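Peer 1: Model the placement of chain B on the given structure of chain A, informed by the hints.
Just so you know, the protein sequences line up as chains A and B, in that order.
Count the first sequence with our numbering and you get residues 1 to 233, in order.
Count the second sequence with our numbering and you get residues 1 to 168, in order.
None of these hints come from the bench; they were simulated from the model.
Note that the structure is predicted; figures quoted are calculated from it, not measured.
Note that beta-carbon positions come from the ideal geometry of N, C-alpha and C, so glycine has one too.
Don't take each hint at face value.
[As the list claims (entries may be wrong)] Across the chosen pairs, the derived CB separations fall in these ranges: (1) B:P23 <-> A:K125: 24 to 30 Å; (2) A:D89 <-> B:E59: 47 to 53 Å; (3) B:A27 <-> A:P227: 30 to 36 Å; (4) A:D40 <-> B:E59: 17 to 23 Å; (5) B:E148 <-> A:A102: 26 to 32 Å; (6) B:E60 <-> A:D89: 44 to 50 Å; (7) B:A27 <-> A:A199: 40 to 46 Å; (8) A:E206 <-> B:P57: 47 to 53 Å.
[To be verified] With a Cα cut of at most 25 Å, we get these calculated SDA-like pairs of lysine to any residue: (9) B:K17 <-> A:G75; (10) A:K46 <-> B:G14; (11) A:K73 <-> A:A105; (12) B:K20 <-> A:K46.
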Amino acid sequence: MTTNRRDFLTAAVTVAGAAVTPDLSHAHDHDHEHQAVPSDPTLRVKALESLLVEKGLVDRSALDALIDTYEHKVGPRNGARVVARAWADPVYRQRLLSNADAAIAELGYGGLQGEHMVVVENTPKVHNLVVCTLCSCYPWPVLGLPPVWYKSAPYRSRAVIDPRGVLREFGLELADDVEVRVWDSTAELRYLVLPERPAGTEKMSEEEVAALVTRDSMVGVGKVTTPAQGVRA
Amino acid sequence: MNGIHDMGGMHGMGPIKPEKNEPVFHAAWEGRAFALSMAVDGDWPYGADRYQIEMIPPEEYLRQNYCGRSCESERPRYPALSSRPARAPAQYESRGTYATTALHTRQNRDDRAEPWRFRIPGHQRQGLGEKPQHVYSVCFAARDLWGEQASRYDSIYVDLWDDYLEPA
Numbered sequence: 001m002t003t004n005r006r007d008f009l010t011a012a013v014t015v016a017g018a019a020v021t022p023d024l025s026h027a028h029d030h031d032h033e034h035q036a037v038p039s040d041p042t043l044r045v046k047a048l049e050s051l052l053v054e055k056g057l058v059d060r061s062a063l064d065a066l067i068d069t070y071e072h073k074v075g076p077r078n079g080a081r082v083v084a085r086a087w088a089d090p091v092y093r094q095r096l097l098s099n100a101d102a103a104i105a106e107l108g109y110g111g112l113q114g115e116h117m118v119v120v121e122n123t124p125k126v127h128n129l130v131v132c133t134l135c136s137c138y139p140w141p142v143l144g145l146p147p148v149w150y151k152s153a154p155y156r157s158r159a160v161i162d163p164r165g166v167l168r169e170f171g172l173e174l175a176d177d178v179e180v181r182v183w184d185s186t187a188e189l190r191y192l193v194l195p196e197r198p199a200g201t202e203k204m205s206e207e208e209v210a211a212l213v214t215r216d217s218m219v220g221v222g223k224v225t226t227p228a229q230g231v232r233a
Numbered sequence: 001m002n003g004i005h006d007m008g009g010m011h012g013m014g015p016i017k018p019e020k021n022e023p024v025f026h027a028a029w030e031g032r033a034f035a036l037s038m039a040v041d042g043d044w045p046y047g048a049d050r051y052q053i054e055m056i057p058p059e060e061y062l063r064q065n066y067c068g069r070s071c072e073s074e075r076p077r078y079p080a081l082s083s084r085p086a087r088a089p090a091q092y093e094s095r096g097t098y099a100t101t102a103l104h105t106r107q108n109r110d111d112r113a114e115p116w117r118f119r120i121p122g123h124q125r126q127g128l129g130e131k132p133q134h135v136y137s138v139c140f141a142a143r144d145l146w147g148e149q150a151s152r153y154d155s156i157y158v159d160l161w162d163d164y165l166e167p168a
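Next comes chain A alone, as it looks inside the complex (with noise of 0.2 Å):
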């Protein structure tokens, strides 16, 4: 036997066409067909990956990289550092919400989707929800990425026209006369929401208390709770 591969192959795709396409017209029809169906996002990423290394457009090493960063340096426990300077000083407190952008730098934090940032406070009266019903903009310095209900349809749609149901299905139930606003990030200001100190923690330290701190409740989809009122809850 002395078949090369080539032959090998052709031998094979012309009995796999015969068996599949019996004149050329069908054939055209299943390739224009075949390309309407959505590929395997992992192989499709890996060509979009391969392609752009190979021009030069791109260095594996900082995909890594990048990878890294947002899996293990940023996250919601730089919000909670924020948040917790911002309870045991009030002149932070103060520059906080007057000047977000430099009073979160001062703690080491800022860049990609976090240039532009409001810092909005909870108080007995008012709580604040953030999101974004046109995409998912979410403030990443302090945040991370944002969790895939953030992203999702349901959240998207129902935070504006029913806030306090969204709210409730996190498990917060706000007393009626309770303000409720929902600051719906469409431009290119992203959104902190500075949650309420609870109770009982006056003298933990400020590293204690920032690991109290939740990411749902700097989106404001949470309270800040203690351990033992988590156990009442």
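Peer 2: Relative to the frame of chain A, chain B by itself:
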């Protein structure tokens, strides 16, 4: 235009499903796609990728998850936006009554055509294409948007560019 991405106030999208201990990326390709979009982003005109996502056909937009849509946006099929620093002075003062006007992909469908109160002074921001302009944080009473079903205590703050507003 009424784009599928303009979801505020839509019904029937189902319950919100928060995921416990959610990973930043759910699959390796999501991380790679995200990193690619960041790594090649530098030379893109401002807002271009977002605009590409907004132009994805509705049925496809709903079918794909966020990372899939971002991936789709890497195929520039439509003219993109670009940016300049704002030069024109802000047109509106704080605390006036204005109507929202222009039809654009970054203006929500729910706040058009009625006069609304305008409370917060403008945040000076870059704007739209070759027409840089200011952006305002505009406050809407929830009842003005949604009627009596909304709480009289509630409000919605939307960031709107100069072109989306006009004196009422």
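Peer 1: Compare the structure with the hints numbered earlier in the document and write down the numbers of the violated ones, lowest to highest.
Peer 2: 1, 5, 10, 12
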